[in-house]
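Chemist: So you can see what is in the structure, the chains are spelled out below.
Number of protein chains: 4
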Amino acid sequence: MGMIGGGKNAFIGAVHRIAANMDGLIELVCGAFSSTPDNARESGKALFLPDDRIYLSYEEMLDKESRLPADKKMDFVVIVTPNHLHFAPAMLALEKGFHVVLDKPMTFSLDEAKQLQKKVEDTGLLLCLTHTYSGYPLVKQARQMIKDGTFGKIRKVYVEYPQGWLSRLSEKDGSKQAEWRTDPKRSGKSGAMGDIGTHAAHLAEYISGLKISQLCADLSIMVPGRALDDDGNVLLRFDNGATGVLFASQVAAGEENPLKIRIYGELGGIEWAQQEPNTLLVKWLDQPTQVYRAGMGYLSAVAKHNTRTPGGHPEGYLEAFANLYRNFAITLMARIDGTTPPKEALDFPSVEDGIRGMAFIDNLIRSNESKEKWTTFTI
Amino acid sequence: MGMIGGGKNAFIGAVHRIAANMDGLIELVCGAFSSTPDNARESGKALFLPDDRIYLSYEEMLDKESRLPADKKMDFVVIVTPNHLHFAPAMLALEKGFHVVLDKPMTFSLDEAKQLQKKVEDTGLLLCLTHTYSGYPLVKQARQMIKDGTFGKIRKVYVEYPQGWLSRLSEKDGSKQAEWRTDPKRSGKSGAMGDIGTHAAHLAEYISGLKISQLCADLSIMVPGRALDDDGNVLLRFDNGATGVLFASQVAAGEENPLKIRIYGELGGIEWAQQEPNTLLVKWLDQPTQVYRAGMGYLSAVAKHNTRTPGGHPEGYLEAFANLYRNFAITLMARIDGTTPPKEALDFPSVEDGIRGMAFIDNLIRSNESKEKWTTFTI
Amino acid sequence: MGMIGGGKNAFIGAVHRIAANMDGLIELVCGAFSSTPDNARESGKALFLPDDRIYLSYEEMLDKESRLPADKKMDFVVIVTPNHLHFAPAMLALEKGFHVVLDKPMTFSLDEAKQLQKKVEDTGLLLCLTHTYSGYPLVKQARQMIKDGTFGKIRKVYVEYPQGWLSRLSEKDGSKQAEWRTDPKRSGKSGAMGDIGTHAAHLAEYISGLKISQLCADLSIMVPGRALDDDGNVLLRFDNGATGVLFASQVAAGEENPLKIRIYGELGGIEWAQQEPNTLLVKWLDQPTQVYRAGMGYLSAVAKHNTRTPGGHPEGYLEAFANLYRNFAITLMARIDGTTPPKEALDFPSVEDGIRGMAFIDNLIRSNESKEKWTTFTI
Amino acid sequence: MGMIGGGKNAFIGAVHRIAANMDGLIELVCGAFSSTPDNARESGKALFLPDDRIYLSYEEMLDKESRLPADKKMDFVVIVTPNHLHFAPAMLALEKGFHVVLDKPMTFSLDEAKQLQKKVEDTGLLLCLTHTYSGYPLVKQARQMIKDGTFGKIRKVYVEYPQGWLSRLSEKDGSKQAEWRTDPKRSGKSGAMGDIGTHAAHLAEYISGLKISQLCADLSIMVPGRALDDDGNVLLRFDNGATGVLFASQVAAGEENPLKIRIYGELGGIEWAQQEPNTLLVKWLDQPTQVYRAGMGYLSAVAKHNTRTPGGHPEGYLEAFANLYRNFAITLMARIDGTTPPKEALDFPSVEDGIRGMAFIDNLIRSNESKEKWTTFTI
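Protein chains in written order, with the working numbering: chain W, 1 to 379; chain H, 1 to 379; chain B, 1 to 379; chain D, 1 to 379.
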């Protein structure tokens, strides 16, 4: 694995490295960690990389790595730069024949996303989009139960993601994280909704197996002086007739990262919350709620495949992240070996999820600017 | 106190009697419990009423009671009939000089509500509307903290009320509760939103101190064959610029009665859930969340006034209900005695709350039928 | 009902009155509320009692009431004085032919308890001991499930009751509650263990259906200057071979009233906590934990009998207390009417429970003073 | 790092490898994974080790590795065999000059533990004992707050560890985990108490900063046919006068791994539960309980040092485990580099903790067999 971005002090780069390291399947062999040469070099050294695999630009890295012998060069590249710097390195990597792992939202614009999708189709290479929250074992359990028809037809989807960390104008106060995420030139059309609303929308579609067909958005800038939305409330309609609500905020003062989803069908439903991810509440008409727990023997094969510890030994965000990497690595190794990976491992977000995410942002912005109640979800 | 409605097996009638009994301030002295004479008589006997105070119609009761000497006749009447039978007995009671306690929603239509409001103003009598959930001590604590500016300007209000008890077509299956609540002739224009959406809206305005100024509704009938909405998602805008979400459902299969509210200001916020009403989470930017608990010494005067037990001795729904009755009774006794009641006791929902509740239903229905995103809240 | 003790500002007297009032089955008709005449009179007036039923001593009350005609005199007496003042009025009441409701611990000493037991047997009158916590519907559900053999043979009982309200020497600081409870002359041999340890022991035996056969106690006075234990840790052995732990404290600083019990059998177990009493966790080998909730249709008959509200409308401490009164009242009315009460109503703590509670205290003190590990539970 | 034990399907070996991998500081370079040659070879290959670093016995590995040049040979060895196979490889490793990471309980007997302690002292090498639960950031936060005197003098320690996975005689049913843990020849004198009671005792002493001075134990074999204790209840006394309770079980049917600790001082206390490890409740006299959360800015330096993700991105068991490895690795690297490690990193369990753990088992067994209430904790 080679990394683009993720130099010293970059939060998400470190997370990617831990996730990739975790299962001993992936080795970091090179990187272009920063556009600042000193930062790039220091970051590479701190990661025990040899000098000749520390690159000063992604172009240099992709070029030189592509010329290395097959048993030496990296197998894939992970891109952990801000949103506006996803597209160019991803396209170049695919052109040079490298598989790609990409942070979400996939690109800066829907148009870029579509180009990337075409390139993936043309090259036949793998692209994994790190919608982390779909990596949790009990998320997969919930998805499986719904897919199996456990709850009958799905009627309701409530998904929420109220953070509080942008309650002040932190982007003017030296917070690097706040700076780029609230900057239209680096983040894209949307702030909070692009950053976390897309996670919520992905999770809703991933677990329910439904597609959003219409939406009605009310986005806000709650903190004066901010350039992008820091909050949004959205009504949803799904392709099977279910309805729902999605809300996300970065001004819910005092909240950390409580992504939460509830889905109800005719016979019961599920509730899952990211801050206590090892518990899945399964609800029933006329019978007591059941507390499904990660690591237990009664779970589905796909949930078990995505777990490393027995019940009561909590896994968390890093393990969910590592599940994406592990499934991607197993799939990639099978492809290299010419074998068929276990079907459980094929389950990681792809370029199609990236397209829907970018379209979600576009549709939200359109809806927000419209006086009409409903905006049809188009791609 | 005299009761209209609430015969044998009527859920809410029994709740009212328990709530009124609880503090020893109110005595049931007469009733017109049912339009079925046998039921009326049996109900009255089961409540230890003398035969001559068991009436066969509310007209008879109001007429005869109004002729009794002042020290014998009931002081006020409580009306616990289905929605379409609120208005007539309430008007007559006021005309006959009785104060009134009335279940919500206040009337069948907004027009009736306005007539009732006028009558209350003309007669100067007291009317208490039993929006139970505003009776909880920690609801009052939250309201007080927000009123005191503890969290700065309020930005967000999320209120939710997802029940599951109408997930099937129970109204065709012999459930009396389901029958009248889903019948437009008895419930009014709205089903779930009238029944529980109004509670959610009242709670949101009561705690936040804000008024809904615009709304955007998506109501549904999820169970085929049903005549009124059993589900609704609503975007809210408030008069101070805050935004919010209200959702309520009676088809969230497996849910009981989890009314929940979260409100966030610039500096922090609150979270309260009816199923664990003795806990109020108080959230802060940069500091740990605090767990406020009912009955504790650090609470505000109004929270303490509405509590009967020390910390850790849970109070519940009946005590919240009883708080409405107690505050009403204290206010009424003060009026009778010509004294001034303590200001904490003046806090019970009034005819104005009833007007806003009926208007909320009307505005919801209008919004639901509109293609426009926003409907202005009008009365 | 007549009341002995419970004058103004007495916490538990007010609780008893609310509990007795709640269901409209019991009316307070007289009282001897205080040994201070002014307090006695003011308390009676505040409770709307006529002057001639406000007595200045319990002797006067029992004497005068016993001479009233049957349809006027009180049916039973409730005694809510400190522990050292339970025995004398209870004995006199029984002698005068009144049924008795008595706060726990039943008496000042085991010897008094035995005399009371004999008197109850001799007179055939009813005695109800207010072990409140056994009145909760889900406590009864747990008991029923264990009785039905749901979990196989019981192996473990953990019961805990860590309060924090005596973390300081409050008895020297004007707290009336603290004063008498830490005073050997008024409380008896034990402080915390008599006050709340007895509740824990009663609950353990009540739910498990087992009897403590041996115990090993380590009691402490944690706050210097205090005269009675404010803390205790106890190992338990039960008559079927199960073992357990009981701990109770009044110096667990920051705790309110979190009585909690867990019981495990061969196949699963239960967990119930008083501060969230409407939830009962039911645990299983190899299957997800179930969340039983008060008011739901799947509960046992005895749980339903002891509930007033549907699921999700929380009941609390006062309703649990009221269940004792209601069951006592139903049983008493049946006796008066010569009918058979429903078996669910026969379930309230009796003089036998009081004997075991007093013996528990005696055995604890003996064990605490012994160097032997095990003390056999004797009565 | 070289590994002894931990071949295919060995639970704890895989956990150690994940934990060691996580931060990119440690590389697995060799292993003697099994006494079965095929298993040893297959395990090594599955871990991408070169053939010449896959050894067939620990003796071979320690011998050959010790002869490799300094820049090639492993820096330390981790031993993840059953308890009876800890001592010999650990002694040999130390003799050959390797630092050691060792699973708990440290050895088979206290005598072995003392020999190991002496060897560590003589060689000056590092030994890290993997008491995982002390690796959690909020455990360290709790320890720091108590150390800082936040709660005044400590009075009470409650620690509990009720698992349910040995509720049946699984050791006769093909469970490998159950087999060796219930076998006196492989586990040692104690079953449940050695396996998990030692964790509970370590956590109690680690967080409280106190030492157990006396104990009173009641151990049981609850499942007929089992050879070692599967359950135990223990009264504790600490060196500062505090008292406590420790209970652990493997027959609490339906429980997973809910290690939990509560500690109370004069002014407040803490509560931490392993199954939701990112929350620490901080309780106060007269003020609301605070919910401390991992990853937040208000935590102590040592808590922050042991965290990888921001608030709301849950870490779990593997991260706690990885903290031990990371702190060990940082300390080791500093020693190799001749620098001083940051003091936060010096915090991992050592041979002294291992000695206390083995002594705890010995003292428990002595107490269990004694008729005396108190057994003095001796080493």
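Don't read these hints as lab results, they were simulated from the structure.
This structure is a prediction, so every number in the text was calculated from the model and none was measured.
We treat Cβ as the ideally placed atom computed from N, Cα and C, and that holds for glycine.
Be aware that one or more of the hints could be misleading.
What the hints assert, rightly or not - If you want a taste of the chain B side facing chain D, the calculated C-beta under 10 angstroms gives, among others:
#1 H84
#2 A242
#3 G269
Chemist: Checking each numbered hint in turn, tell me which of them this model violates, lowest number first.
Modeler: Going through the list in order, the structure violates hint 1 alone and respects the others.
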